[in-house]
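> This is what each chain is made of:
Protein chains: 2
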Amino acid sequence: MTKSEIEKHYQKKKILITGGLGFLGSNLAHALAEKGACVTLVDPLFPEYGGNRFNVAGIEDRVGIIIDDIRSEKLMQSLVKEHELIFHIAGQTSHIDSLKDPFLDLDINCRGTLILLEAVRKFNPKAKIIYAGTRAQYGKILKSPVEEQDYMQPVDIYGVNKHAGEGYLWIYRDVHGLECVSLRINNTYGPRHQMKQANYGILNWFIRLALDSKPITIYGDGSQLRDYNFVDDVTQAFLLAGAIPETGGQAFNLGSGNPIPFYKMAEEIVAIVGKGELQKVPWPEERKKIEVGSYVADYSRFSRTTGWQPEITLKDGIARTVTYYEKYKKHYWS
Amino acid sequence: MTKSEIEKHYQKKKILITGGLGFLGSNLAHALAEKGACVTLVDPLFPEYGGNRFNVAGIEDRVGIIIDDIRSEKLMQSLVKEHELIFHIAGQTSHIDSLKDPFLDLDINCRGTLILLEAVRKFNPKAKIIYAGTRAQYGKILKSPVEEQDYMQPVDIYGVNKHAGEGYLWIYRDVHGLECVSLRINNTYGPRHQMKQANYGILNWFIRLALDSKPITIYGDGSQLRDYNFVDDVTQAFLLAGAIPETGGQAFNLGSGNPIPFYKMAEEIVAIVGKGELQKVPWPEERKKIEVGSYVADYSRFSRTTGWQPEITLKDGIARTVTYYEKYKKHYWS
Numbered sequence: 007m008t009k010s011e012i013e014k015h016y017q018k019k020k021i022l023i024t025g026g027l028g029f030l031g032s033n034l035a036h037a038l039a040e041k042g043a044c045v046t047l048v049d050p051l052f053p054e055y056g057g058n059r060f061n062v063a064g065i066e067d068r069v070g071i072i073i074d075d076i077r078s079e080k081l082m083q084s085l086v087k088e089h090e091l092i093f094h095i096a097g098q099t100s101h102i103d104s105l106k107d108p109f110l111d112l113d114i115n116c117r118g119t120l121i122l123l124e125a126v127r128k129f130n131p132k133a134k135i136i137y138a139g140t141r142a143q144y145g146k147i148l149k150s151p152v153e154e155q156d157y158m159q160p161v162d163i164y165g166v167n168k169h170a171g172e173g174y175l176w177i178y179r180d181v182h183g184l185e186c187v188s189l190r191i192n193n194t195y196g197p198r199h200q201m202k203q204a205n206y207g208i209l210n211w212f213i214r215l216a217l218d219s220k221p222i223t224i225y226g227d228g229s230q231l232r233d234y235n236f237v238d239d240v241t242q243a244f245l246l247a248g249a250i251p252e253t254g255g256q257a258f259n260l261g262s263g264n265p266i267p268f269y270k271m272a273e274e275i276v277a278i279v280g281k282g283e284l285q286k287v288p289w290p291e292e293r294k295k296i297e298v299g300s301y302v303a304d305y306s307r308f309s310r311t312t313g314w315q316p317e318i319t320l321k322d323g324i325a326r327t328v329t330y331y332e333k334y335k336k337h338y339w340s
Numbered sequence: 007m008t009k010s011e012i013e014k015h016y017q018k019k020k021i022l023i024t025g026g027l028g029f030l031g032s033n034l035a036h037a038l039a040e041k042g043a044c045v046t047l048v049d050p051l052f053p054e055y056g057g058n059r060f061n062v063a064g065i066e067d068r069v070g071i072i073i074d075d076i077r078s079e080k081l082m083q084s085l086v087k088e089h090e091l092i093f094h095i096a097g098q099t100s101h102i103d104s105l106k107d108p109f110l111d112l113d114i115n116c117r118g119t120l121i122l123l124e125a126v127r128k129f130n131p132k133a134k135i136i137y138a139g140t141r142a143q144y145g146k147i148l149k150s151p152v153e154e155q156d157y158m159q160p161v162d163i164y165g166v167n168k169h170a171g172e173g174y175l176w177i178y179r180d181v182h183g184l185e186c187v188s189l190r191i192n193n194t195y196g197p198r199h200q201m202k203q204a205n206y207g208i209l210n211w212f213i214r215l216a217l218d219s220k221p222i223t224i225y226g227d228g229s230q231l232r233d234y235n236f237v238d239d240v241t242q243a244f245l246l247a248g249a250i251p252e253t254g255g256q257a258f259n260l261g262s263g264n265p266i267p268f269y270k271m272a273e274e275i276v277a278i279v280g281k282g283e284l285q286k287v288p289w290p291e292e293r294k295k296i297e298v299g300s301y302v303a304d305y306s307r308f309s310r311t312t313g314w315q316p317e318i319t320l321k322d323g324i325a326r327t328v329t330y331y332e333k334y335k336k337h338y339w340s
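Note that the protein sequences, when read in sequence, are chains A and U. Each residue of the first sequence is one higher than the last, beginning at 7 in the working numbering. Each residue of the second sequence is one higher than the last, beginning at 7 in the working numbering.
No lab work stands behind these hints, which were simulated from the structure alone. Careful: at least some of the hints might be erroneous.
In this list, chains with the same sequence are indistinguishable; a pair is considered to hold if it fits within one copy or across any two.
[To be verified] In silico BS3-like pairs for lysine-lysine, Cα to Cα no more than 25 Å straight-line: (1) Lys220 / Lys336; (2) Lys128 / Lys295; (3) Lys14 / Lys87; (4) Lys321 / Lys294; (5) Lys128 / Lys106; (6) Lys132 / Lys295; (7) Lys106 / Lys132.
Keep in mind that this is a model prediction, so the values were computed, not measured.
So that you can see chain A by itself, here it is in the shape it has in the complex:
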């Protein structure tokens, strides 16, 4: 699909984004608003989560914003009726927090997804649903790069529940005929990510530490491989998944094609920011238990189906992210 075909596809399209004020949701909202789509965002703005009103600065008059929770059945029933494409991005996204409160993670990531699917089934079964899956569904990968039909063994409650959420999609596809897609998103970084806490989005957090001239802590030797995508590439993946019919009914890995060791990512940040310094410390018990080792994804299925390729290098992406937060720091630091 050419860029102009994508533009045309989304023009005036009625789109719902759950978690729309968060990192992935708001970046997608900007891209869709630029293309003239009619976008509604739903987000509960839980204080400890990634939702941030500033994330829609510049498009706030062009998108509908509903501050509410996807776990409200009535809300979802009325919302899904009016939208032909739904990006389901809302979720509890912290690995660590999922272990501290597994019931909350279950409630948001499983029950919340079921509420959405039931609403679509009952009130708008023709809507297409794009689900934000995650590399956490795989846990420790058994072969590298990992493919979509490899065995999955999540190492945290978040991964188990996100995988169950995706599993529901395939039931609603096969039993109820819904059109569903899952993007199993790898580590993503960039503008509009929360910068309040270290519990998820570690690359962004390291950028904050560097900007604050604080030490950046690497657990162990940091040699585990990571597969980072800049958020604009993930946004483009969402757009393609939503526009190309052939994505329907499938799960797709995203990936960078350029995995790098964790510590090198941190070195890049220090080099680009020109501040901060790396400190290696032993793994804390809590973290070690949910560390998955190297993660490298094979995203060829998605490339074959949509033509998608990540375009932003890590260096370039970090530089853009730094520029963004230098400018808008006050809206993200707290």
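Based on the hints, put chain U in the right spot on chain A.
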């Protein structure tokens, strides 16, 4: 482990069985009571489920019986404290019902399992937990026989949620150090199964139809392979899983080693009962969508680890089941 070692292992052992008045739970309770174990059963006796007081006839004075729901956190917290081995068998087990009320299935099979695991973590982290997993975790198998680390694609909400429940086990194993085992149980039949409805346990249901001289309906040509285990063999698998330390931390398939086409199972029943007749009809839409095709399990991992082998042939198992229900019909027909 020899039979006398198993006897000795279970003597006076304090054991909790969730779903203890149901099919698998009550058969296990009989075996444990015979071995002199101190057994507590917890079961809510939901009318539409498999729990039945008659299932513990003969041992009712030797086991503790608590009529309550595993979703009561306080109850589970007090119960796990007093037991060193927990068989977690309670669950919503109907594929069809899981599609009709996915929230209830989620609540029982996911939240219920989390409640148990949290209770064990907080109040008795040394207890061993044996989880009743299911072939439904695999859904449509991609290779036959299916092995434990093959890709899983459940075709109903029940399968997704049971798989999530098992996934929690591995998190509690790795993060919190709990000793957990999952038996992925294939189709099981035999005495003490509910005979009220056709929504699960189809072999038992066919036995009822034959005993009632009613037609037995086969959807399609019935050529899909099934892997049936008689309940005594599954009980033996539970006993070994609970007694042998090497099972700890692992998932195991059970299987028969003698898969047979679905329609042949029905023919065996008609031949043994001497009543009933087969009728082939096209697949109803509702059933077709969650039909998985042939299912054959590789149970060699469990055999290697425990020495377990299924011992009861299908013919023999059906005959024993028929004898049981001919005798106790009034407690199961309704």
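> Quick one: lysine 128 to lysine 295, C-alpha cut-off 25 Å, is that within a copy, between copies, both, or neither?
between (41 Å within a copy, 18 Å between copies)
> Between copies, within a copy, both or neither: which fits lysine 106 and lysine 132 at Cα up to 25 Å?
Classified as between; 20 Å across copies, 38 Å inside a copy.
> Within, between, both or neither: how does the pair lysine 132, lysine 295 come out at a Cα-Cα threshold of 25 Å?
Intra 42 Å, inter 19 Å, cutoff 25 Å: inter-copy only.
> Which holds for lysine 321 with lysine 294 at a C-alpha limit of 25 Å: within a copy, between copies, both or neither?
Close neither inside one copy (28 Å) nor across copies (51 Å); limit 25 Å.
> For lysine 128 vs lysine 106, is the C-alpha pair at or below 25 Å within one copy, between two copies, both, or neither?
Between. Shortest inter-copy distance 12 Å satisfies the 25 Å Cα cut-off; intra-copy 34 Å does not.
> Please sort lysine 14 with lysine 87 into within, between, both or neither, judging by C-alpha distance up to 25 Å.
The answer is within: 23 Å in one copy meets 25 Å, while 63 Å across copies does not.
> Is it within a copy, between copies, both, or neither that the alpha carbon of lysine 220 lies no farther than 25 Å from that of lysine 336?
within (18 Å within a copy, 75 Å between copies)
Against the hints set out earlier in the document, a violation occurs for number 4 only.
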